[in-house]
Structures are given as structure tokens and as C-alpha cells.
Amino acid sequence: MSHLTEETLNKYLDEVLDPSAHLSVEAHLASCPACQNRFNDLQSVFHTLSLLDEKTLVRDLAPGVLARLPAPPLPLGWRLVLAIQAGLAMGLLGAIAQVALGFLGSQIDARLLMNAWIDTFGRISLRIPTLDLHMLGLPGYSLPISAPASIVLLVVVTVLWGLGNARLLRNGHEA
Amino acid sequence: MSTIDDRDTFAEMIYQSQTAVYNVAYRILGNVQDAEDAAQETFLRAYRFRHTYKDGYQSGPWLKRITVNVCLQRLEKAYPTQSLDEDWLQPPDPHPGPQEQTEACDLQARIQAELLRLPPRYRAVIELRHYQDLSYQEIAAVLNRPLSDVRSDLFRARRMLAQNMKDLR
Ligand SMILES: [Zn+2]
Numbered sequence: 001m002s003h004l005t006e007e008t009l010n011k012y013l014d015e016v017l018d019p020s021a022h023l024s025v026e027a028h029l030a031s032c033p034a035c036q037n038r039f040n041d042l043q044s045v046f047h048t049l050s051l052l053d054e055k056t057l058v059r060d061l062a063p064g065v066l067a068r069l070p071a072p073p074l075p076l077g078w079r080l081v082l083a084i085q086a087g088l089a090m091g092l093l094g095a096i097a098q099v100a101l102g103f104l105g106s107q108i109d110a111r112l113l114m115n116a117w118i119d120t121f122g123r124i125s126l127r128i129p130t131l132d133l134h135m136l137g138l139p140g141y142s143l144p145i146s147a148p149a150s151i152v153l154l155v156v157v158t159v160l161w162g163l164g165n166a167r168l169l170r171n172g173h174e175a
Numbered sequence: 001m002s003t004i005d006d007r008d009t010f011a012e013m014i015y016q017s018q019t020a021v022y023n024v025a026y027r028i029l030g031n032v033q034d035a036e037d038a039a040q041e042t043f044l045r046a047y048r049f050r051h052t053y054k055d056g057y058q059s060g061p062w063l064k065r066i067t068v069n070v071c072l073q074r075l076e077k078a079y080p081t082q083s084l085d086e087d088w089l090q091p092p093d094p095h096p097g098p099q100e101q102t103e104a105c106d107l108q109a110r111i112q113a114e115l116l117r118l119p120p121r122y123r124a125v126i127e128l129r130h131y132q133d134l135s136y137q138e139i140a141a142v143l144n145r146p147l148s149d150v151r152s153d154l155f156r157a158r159r160m161l162a163q164n165m166k167d168l169r
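As given, the protein sequences belong to chains A and B, one line each in that order. Each residue of the first sequence is one higher than the one before, counting from 1 in the numbering used here. Each residue of the second sequence is one higher than the one before, counting from 1 in the numbering used here.
In silico BS3-like cross-links for lysine-lysine, where the CA-CA straight-line distance does not exceed 27 Å:
1) B:Lys166 with A:Lys11
2) A:Lys55 with B:Lys166
3) B:Lys77 with A:Lys55
Residues of chain A placed beyond 10 Å of chain B at every Cβ, according to the derived structure:
4) Leu17
5) Leu23
6) Cys35
7) Leu76
8) Leu92
9) Leu154
10) Gly164
On the chain B side, residues computed to face chain A include the following (Cβ under 10 Å):
11) Asp6
12) Ala11
13) Val21
14) Arg110
15) Gln112
No lab work stands behind these hints: they were computed from the structure. Note that CB positions come from ideal geometry on N, CA and C, so glycine has one too.
Only chain A is shown next, with the shape it has when bound in the complex (with noise of 0.2 Å):
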């Protein structure tokens, strides 16, 4: 009768072999002092493992982890107001950048601005564009929307961008 292999008795412990087979490495192991001994070496090692005692973790890890998790999306509703926000400070920004150029345009002729600055640096021949805001077809004063309606965008747009901003920070905190 051939001994053991390495490979059985390791299934043998494992205890992984079909019925059968676990009966007949039984059977020899009780006849064959070699493979006794194989095996008793072998079992050893699963006994001196389960010795091992867990050790104690003397430092809460959840702290340095949660800080370094990427931060939440945030939840529709957020993104939502975040969007309008943004629509109307751009809204607002053309709203203002629109009288501006159009006081800017009605009040001074900037090609009369240019010129004056051209021969002034030692009568430049070389004609620097200018802009003709009259060729941009923008409107003089006039806001496209009356006065109170406007003040109330700006409450709006002022109360949304607080909102949002005071939510991304607290996001970003958390992150």
C-alpha cells in the first residue's frame, strides 16, 4: 500500500475529501507509523495557528477614514437650486453687464478715446481697432425689466447664491 500524499493529508485536515476516501486515509493512518507522524507534524501547524490570540487596536480608525472620504453627492433638491442659482446670477450679470456698456457706449465714443491715446504714444500709424459699441447693437440705459422686478431678481438671486454656497461649504466640510 503506497503512503499518503502531501496533497490528502492537507484535504484530510481540510477536511475536504468524499466519505470514502476520508475512511480509507482513517484506516491507514491507524496502520503506518510514517504517515502518522506526517500527520501528526501536519496537525501541529493547525494547532499552533488557532493560538494566535487577536490583538487589541489602541486607535479608533474611523475618525482619519471618515475624513477622507470623497464627499456625498448631493441630493436632487440641492442640485436643483444650485442650477436655478446659477441660471439667474448669470441672468443678472448680463442684466448689469448690458447697462454698463450701454452707459458706457452713450456717454463716450471710444474711437475718440483710442485716438487720443494713439497720438499721444508718439502718432502710431498703426491703427489699433476699436470697438464701437453702437456696432453691437446694445440698447442705451434701458433694463429689459422694470425696476421693481429687477430689485426682486436680485433678492432672489442674492437669497439662492447664500443657500447654495452655505451647502457646498458644509459639503465640503463633511468631506
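Keeping the supplied structure of chain A fixed, place chain B with the ligand upon it in accordance with the hints.
Showing chain B with the ligand alone in chain A's frame:
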């Protein structure tokens, strides 16, 4: 959507399993600082791959499997020119010197030292089989390696341990 998306749930998961995760890392890496770092990295990786966690199952086994791979990757990074297999050369000499001979009586330290004498891949299979109680197939899945390799690694690791720990009996 995994329940881990909720931070409080995830924090609770850390509190419950950090000691177990730390112990896995300690058995494979052998020192407190590395084990703590690996445990933290495990949780961060778990959060990133939280979609692989099946709700309703215990998170402990899932986390401990991730830990083994985190540790192997750390060893690979720390010793890039070395193989993690059989021809691994353990950098610090794990054999106890004259000074440490008395400490060798400390069975705990001795078992830990013997684990560290094993090549990292062997440590991993010993960890997964003996401390996490996984089947050969499950170990192969965790390590993403062929079943036959896992089996032969495990059997060789036990043979090495049997030879090195003869005096413990
Ligand atoms: Zn025999």
C-alpha cells in the same frame, strides 16, 4: 444603491469591524503602524467599491478579504523587486537573536514571527484558510489566482511552518 452610501452606516461598519480588519493586517504585515495604515486603506477601498458589498450579508468577511489584497499590494509596493512567492527573501532577519531568545518563549510573538518568515503569498493563503475559514475555491476567488496554485501554496506554506515550528511541540 448600497446602504454604505449612508455615512452613518459606514461609520458604524468601521466601528464594528476595525479590530478584525486590523488583526488581518497585523498577521500579514507584522507591525502596528503598517497594520493601522492598511486597515484604513481597506476601509477607503471598501467605500470606493461599496457596490460590491451585498446588503444583508455580514460586512466583516467582505472587509477582511479586501484587507488581504490591500496588504499584498502594500508588500508589492514596498519590495517592488521581490517576488511575493516562494523565492521571497524576507528583508529583516526574523530569526531571534540571543537577546530575543527569552522572548521566543512568548508563544504569541513566536507564531507571529513564523508567519512573517513565510513569503507574502503564503501568508495570504494561511490567513484566508486558517483565520478566515475560506474554502480553496473562495481563496482562489479572493486572490484572483488559479485554484491549483492556491492549493499548492497552502500545502507548501503548512510544510514550511511544520518544519520551522518543530520545536514548539
Ligand atoms: Zn503510510
